[in-house]
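Let's have the full structure, built from the sequences with the hints guiding it.
Spelled out, the chains give:
There are 2 protein chains.
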Amino acid sequence: MPKLVICGSMALDTIETPYGKRQNIIGGSASYAALAAAKFCPVGIISSVGNDFDLKRFSSVGKRLDLTGVTILGRTLRWSGRYDYAMQEAKTRSTKLNSMAHFRPTLPAAYQSAGFYLLANADPRAQLELLRQVKPKGQFIAADTMNFWIFRERAKLLKVIKRIHLLCLNENEARQLLETPNLVQAGQRVLALGPAFVIIKKGEHGALLFSRTGIFAAAGYPLESVIDPTGAGDALAGALMGYLASQIRLSSTLTVSEPLVRKALVIGCTLASFTAEAFGVENLVAVGKEEIRNRYEVYQKIHAF
Amino acid sequence: MPKLVICGSMALDTIETPYGKRQNIIGGSASYAALAAAKFCPVGIISSVGNDFDLKRFSSVGKRLDLTGVTILGRTLRWSGRYDYAMQEAKTRSTKLNSMAHFRPTLPAAYQSAGFYLLANADPRAQLELLRQVKPKGQFIAADTMNFWIFRERAKLLKVIKRIHLLCLNENEARQLLETPNLVQAGQRVLALGPAFVIIKKGEHGALLFSRTGIFAAAGYPLESVIDPTGAGDALAGALMGYLASQIRLSSTLTVSEPLVRKALVIGCTLASFTAEAFGVENLVAVGKEEIRNRYEVYQKIHAF
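Going down the list, the sequences are from chains H and V. Here the first sequence is numbered in my numbering, starting from 420 and rising by one per residue. Here the second sequence is numbered in my numbering, starting from 420 and rising by one per residue.
Check the hints yourself; a few may be wrong.
When chains are identical, the list treats them as one kind, so a pair holds in a single copy or across two.
Computed list of lysine to any residue pairs in SDA-like fashion (alpha-carbon distance at most 20 Å, straight line) [stated by the list, open to error]:
(1) 720 / 678
(2) 720 / 676
(3) 720 / 603
(4) 556 / 438
(5) 482 / 615
(6) 556 / 442
(7) 578 / 598
(8) 720 / 565
(9) 682 / 720
(10) 682 / 719
(11) 554 / 531
(12) 682 / 721
(13) 581 / 630
(14) 682 / 724
(15) 708 / 483
(16) 515 / 552
(17) 575 / 523
Calculated from the structure, these hints are not laboratory results.
And the structure:
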């Protein structure tokens, strides 16, 4: 039975960076998040793909993935993007939503006992649809989003934010959504909307965690080689939630402490760093427990003074 | 007798940000660095100003500043710049080098016993000129620079870098100088040129410290209000060197340990954060030992996991 349910997109990506090109590789927010989370606990995915997506191969690359919640319809979402020399943000060449266009998530009965939910980047209407199906019994719910939805579905997105415990978004999204250039102000404005935790992801510069008890500033893991940053933020959120789910027992008094979220965020940064070191989900699939532990220990050393 | 000698520019700045405008306020790399450093040890300045610079007032706002090395010639360097809403980088409106145009630093006899030197941002020809005058007896020498000199005086700048122990520069300068978008590669390439330590400043995102023993990633101090980031990087370098100078006795076996540089860098980030919270050197002048200590302790809390 999955401890963590991840709802989001599954896609076939075509990515070009100064280091090469890959066509129709596994992509999508739910794919990255689930492969990262599954390093820590059993994960149930809710998404939609087409017949052109090799689900069998996907479930074999990621262990402990339950695909009961993945519906098959038409063709898979296709995204094509390009990174320039500085490897900061991808320039989208084309997006074809295909099977994700009218995605209506359905929570399978087998997922009902999960204590953790991650609404990975997707249409806020789909995120709300899933929230309606979650029977409240103390679950811890996180959501991610992107600039597209901030512009198109701000009201719906704010509804999602009111219902969740942790919001995860990147720095430009935070500035857009909260209408301030200052990240500390942005973080605090999100807390005022409801979530107990806010994580602002800053790519190579790490992340900021805001909560009622203060701020945690996590530096980015210094990478000598960035091959493809696609999905690193999704992997961060997935690993963070997967780690939390592995550490906490679901009960009516489920509490997620701030120190535990700090540790989970560092583990998230670690998985994000592995993700960026190779194309697509290549590294996320390949990396083992010991490598994760080793990098976590290196991170501790580079962060201490 | 100064423990730390700081050579660089002194200026009168006109700065406009979304929070207001200030005309002809104290500016320049040496001014910011010296006011920050003087919180920790006696500082001797080497620079050049005009008759229009109120040196008396300057020496009264900063305690423990020795101005023997400041020559008076013509008019003071004038810089005018503007920050937009995002408060990232200043757009220069005008620069008149004036008295700094033909600045030839001279090391006063009273400064000869100093163990620490900071060549703050200035023409690398002036930095080399000063290096020629330093009688080698185990001093620890740091230098800062900027994009202007990387383009105009690359060869001279590389000569400076070969002679120093710590190079301090911001992330875009690092990318330009070392010809790589990757900061880890940039840092390691500087180490290969000679310096034992390299600090890459990343503004609100903190700084990276590179040395033979590894990397230290210092997150930026999260500021809710950034009024004017001018000089924050100079204050960082000044505070870092002032703190080191206050902790280490000059001897033929002067050694600066990596853990001490980590701590000094965090103190530098602390002073940089104060600087950005007000126009010009306002906060740098006003802030007391207790406020610095308190913010250092807050920084420890936001950085730990």
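Legend entry - Structure versus earlier hints - violations, ascending order: 4, 5, 6, 8 and 16
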